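Peer 1: Work out the full structure, taking the sequences as your base and the hints as a guide.
Going line by line, the protein sequences match chains Y and B. If you're matching positions, the first sequence starts at 0 in numbering that gives the first Met the number 0 and goes up one per residue. If you're matching positions, the second sequence starts at 0 in numbering that gives the first Met the number 0 and goes up one per residue.
There could be a bad hint or two in this list.
All copies of an identical chain are treated as equivalent in the list; a pair is satisfied when it fits inside any one copy or across any two copies.
[Stated by the list, open to error] Subject to a maximum C-alpha distance of 16 Å in a straight line, what follows is the list of computed EDC-like cross-link-like pairs (lysine to aspartate or glutamate):
id, residue 1, residue 2
1, Lys35, Glu112
2, Lys87, Glu113
3, Lys14, Asp128
4, Lys116, Asp132
5, Lys134, Glu67
6, Lys109, Asp93
7, Lys116, Glu86
8, Lys87, Asp115
9, Lys109, Asp97
10, Lys31, Glu17
11, Lys91, Glu113
12, Lys45, Glu5
13, Lys14, Glu100
14, Lys218, Glu180
15, Lys44, Glu5
16, Lys91, Asp108
17, Lys50, Asp132
18, Lys91, Glu112
19, Lys68, Asp132
To be clear, the hints were calculated from the coordinates, so they are not data collected in a lab. Please read all numbers here as calculations on a predicted model, not as lab measurements.
2 protein chains.
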Amino acid sequence: MHSFTEENYIKAIYKLLESGDETISTNAIAEKMRTKAASVTDMLKKLAAKKLINYQKYQGVSLTGKGEKIALNIIRKHRLWEMFLVEKFNFKWDEVHDVAEQLEHIQSDKLIEELDKFLNYPKTDPHGDPIPDAKGKLLVRKSKSLSQFRVNDVCIMTGVVDHSPAFLQYLDKTGFQLGNEIKIKDSVEFDKSLQIIVSKKNTFFISYDVAKNILVILK
Amino acid sequence: MHSFTEENYIKAIYKLLESGDETISTNAIAEKMRTKAASVTDMLKKLAAKKLINYQKYQGVSLTGKGEKIALNIIRKHRLWEMFLVEKFNFKWDEVHDVAEQLEHIQSDKLIEELDKFLNYPKTDPHGDPIPDAKGKLLVRKSKSLSQFRVNDVCIMTGVVDHSPAFLQYLDKTGFQLGNEIKIKDSVEFDKSLQIIVSKKNTFFISYDVAKNILVILK
DNA sequence: ATAAATTTTTAGACTAATCTAAATTTTATT
DNA sequence: AATAAAATTTAGATTAGTCTAAAAATTTAT
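Peer 2: Take a look at the structure:
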């Protein structure tokens, strides 16, 4: 249907659009795809010809309905496979990305249906990211960054912003898990670092940088 | 490491060599790969440069040790995935091939280790084909074609030669399964067709063509 | 053993995806 | 509003894999 490369561009465009803007730039895509702007322009022409993106020279890029549907399907597959690897194959949440990146391109509707069923229709992946359903419907999370809360707020950890192994391993080491209760004990005005109590037991100091990358909802 | 295309050539060469000959021809590979001889020649040069095949112009092709190891690893992955699809995802044995053909190229040692463990280290795939172990060791089957046996021989079905959905569905419909006992009741000299009793219950007439494609061992 | 047939390889071209360098357009700055 | 800076696109090359048509080597047949 579409090449791996096309799928990867579509996914990159989707993810860039997710962060708010109406359209995104050639350079932004080039950076995300770790390629050069000239290569991106070529691909944009191709995707526009296939009606997967809205694209006019120099005017930025957005996805068509068709393109968005493809993006959501790839993300669905990626997140289901991540869940599978963690739940069934003893992968850690910091180990799944590269393999899921490959598995997300496997073409088989039956495979994905069975995968979803096998996992008992999970709503989120191991990082707390929502899994689009078979129709491409995606639950919007109401989570906010822990850094936006104040002293004495009690929250539940629901996800992460940064998905890098380094950050995920840091969370593992300090014992953070999705679903944990986090109470903000104190806040340092100078560097916005926080003192928090996790699961009513463990007290930690975390930097503003860490707090920004932890997603929570108010309890 | 190696491209999907390279892996597919290596696998095709391995399978052609399996059927006996010391070396195989450019045309044979072209037919198997559904491509043209000229394309094959180009790829042979590339694989020879990577020392995966032994190749001298006009002199046929064989695999080097390195090439054979790669082939066995791809076959290992293919067969483990087939087993997984049938055992865990409700695929029929005639439905697995295309998906396994994609999954066999996924690169992750941990994934394959866990897959093998998850399936409890199976020795054969859903078609009875042996699964190479992690070191590339492959059990050689002593099975022979049912067509080589005589009246009153009692055999156990261990595999199939033809893997086409049409043939596998025919076997399903008539109720053949791996492990079934097959007793040869009668043989028609004219067309070499057989009358057989499966599992001491069901009597069938099968053509020579079908008999040739059923692998068995003497009970 | 020579000619004919077949197989295989080479030559040259094509597509997809990429790149560098140059040209063009847009945006920002004075 | 003119110009400088930045972003984007075009032009032309490159690599992997494929193709057709022609050339070369091998095999088969007389």
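Peer 1: Could you work out which of the previously given hints the structure breaks and list their numbers from low to high?
Peer 2: As far as the earlier hints go, 1 and 17 are violated by this structure, in ascending order.
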